[in-house]
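Enquirer: Order-wise, the sequence lines are chains Z and A.
In terms of this note's numbering, the first sequence is residues 1 to 623.
In terms of this note's numbering, the second sequence is residues 1 to 96.
FYI, nobody ran anything at the bench for these hints, they're computed from the structure.
This one's a predicted model, so the numbers in the text were calculated from it and none came from an experiment.
Be a bit skeptical, because a hint or two may be false.
If you want a taste of the chain Z side facing chain A, the calculated C-beta under 10 Å gives, among others [said to hold, decoys possible]:
| hint | residue |
| --- | --- |
| 1 | VAL234 |
| 2 | THR244 |
| 3 | GLU377 |
| 4 | ASP473 |
| 5 | ARG474 |
| 6 | ASP506 |
| 7 | LYS576 |
Beta carbons are placed, not taken as given, at the ideal position from N, Cα and C, and that holds for glycine.
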Amino acid sequence: MYQGGYTGKILRINLGSQTAKVEETPEPMANDFIGGAGFGIKLLFDEVKANTDPLGPDNKLIFASGPLSGTNVPCTSRMSVTSRSPLTGAVGMALSGGYFPVELKWAGYDAMIIEGKSEEPVYVSIKDGDVKFRSAKKLWGMKTTDTQQIIKNDLHDQNVRVACIGPAGENKIKIASIINEWRAVGRKGLGAVMGSKNLKAIAIRGTGKVAVADKEKLKAARKVFTEAMKESEVLYPVFANTGTPMVVDATSAIGIFPTRNYMTTGEYNAAETLGVEVQMTRNVGSEPCYGCPVGCSQLKLAKTGAYEGILTEGPEFETMYSYGGVTGVDNIDAVIAADRLADELGLDTISSGVSIAFAMELYEKGILTKEDTGGIELNFGNDQAMITILKQMAYRQGIGGLLADGTKAAAEKIGKGSEKYAMHVKGLELPAYDVRGAKAHGLNYATSYTGADHCRGYAFQEIFGIPVPYEVDRFSAEGKGKLTKWNQDIRTATTDAPGMCAFLFDMAVVGIAAQNTASLLEAVTGLTFTPDDILVAGERINNLARAFNVREGFTRADDTLPERILTEPLKGGASKGNYISRDELDLMLDEYYTARGWDVATGAPSREKLAELGIEYVADQLN
Amino acid sequence: MIQVKVHTILNLKKILGRGDIDLTMKEGSTVKDVLMTMVETYGDSLTDQLFDSEGGLLPYIRLMVNGRDIVFLEKKMETALQEGDEVLILPPVGGG
Ligand code: SF4
């Protein structure tokens, strides 16, 4: 039995009956799925039946921190939130940092399953074993910073940590986020799931500790980890000062920072207006996650025009893309303001920005007119239009209402051939990499269990040139199936499941990741993990997530990319001339399914593979 | 003579004072020649960022010619450059 890391308890909260009960964290689940996203996906598959309405009372919302979260291992305040996504219909899993993840552990829980639906707006307060359901009527309609503050006041506890939704989640906007502190469970519309349950917020405070099985062993494992952090050429020397925005410069240099809805990627250097140099002029401090000596998270203050005085945490690289590059906005202060506004309203910055960029292209092509936009001149680069539409989105008003459920739903409503300009996979908008110049990253978008998601199988070999496990030619399609499987499995198993900040993977432990995770987990939990076990756990989690999607009707045909990526070569920059042809995508998919031991025709996991991974029961549900 | 563009970012850009440099090189000049020319012009501060104490290129420096990593070019550092080629010199990055 585990002797540390896990608190051994899962909190089940039923909003319909307003009851809470505690269940044991099963040891086999700990062994096989590690925790975090692994627990989320296991519980989702087992408890949410096929065809469950994502916004109905039978869908569940599962918060799970990792076994490392709440210990003294740095950079491990991470939690996953898992549900059936209303945006994609597939697994919706997203992660967040800050302090909430460790409070969940200190309150005594490895995971929290939220089910049912409250009749009235409610929030749940948790202090260790004390779980209370409180009216959220007065909070309904409130933005996220105010919501967090009012709850702290109500509970007479300024140290309580709150995860909440804004108006977007309340209005069941399918790109709504959940906000905890300055951070976001941003993607896949998980905020809408909370809203559909009439759950405004969860406030949590823990006074316990997370036990450690072997303190000496942990000291040694921790030393290896922190040494790797210190030796990194990037982590402390650069990343700690600049944060993620340096990736604007890096991706622009190699011609894959998307601009103007992917029409002009590489044709101009967006880093000149949105890159690190400009960003640093707005930096006023940092706001690290709990237990993080790196502190990449930056606070930025807008300094000009109508935006002057607006403070936000971020904008992260992805948001520099969604409210900058892809919308053609070159005003850093507008990006800062939009970032703050989206977090206050509880909107995913990526999906909302890409949806606005989609509408901008349609407007410039004449598919949307001024009549459709309610008089807004929706050209690329119009930052005021972007801000207006963001507000509209959260309340389903005007043109913002048309875009509020993402590009796929908007294209279906608009018709007129607009789908070919909609940059999404499975309904999830593309993150900030033009994958025409990074083909494994493209295959990852096509096959990730959440849709177009950079966080699942990030192809750092292509983006950053890191030669692990080997050097990779970003323009080639060959070999990318195997690589993508590896990228997805290792990241799942070393960051998403144990509860480790993914930046530490790329920038510190990439060469020793499986061993590092195995050593830390063994020391903390007292269970036995080899590096191979870690990779197999990653594979198991990815297979189970895939099985969930197959059970929902997803097939190989859904593992695709937007038409523009498949047909239009990049016209400028360091990736000029490249695209992912349909033949290349097919080749990569064949290779990927083969590497995974999945049916090449359907993309479904085979019974043999599921049996090999110890989850054969799953196969019975896939016919 | 040929004209070659050099593009760099972040700390390397700081040392050079700008991100884009135009160089006039002899015909047949290689990637290595470009680096040597740069080092001659910008001195130790650039040398320290690119090379180890034995003169070897630091393993995390990423070099590209027209967007292709030189590890995938047959002659690697000895790749001969053509008129108008762009050489990218990228310091280590992370954090997407
Ligand atoms: S590196 Fe950044 S995101 Fe990661 S734990 Fe630290 S502050 Fe949080």
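Enquirer: Could you check the structure against the hints above and give me the numbers of any it violates, in ascending order?
Expert: 3
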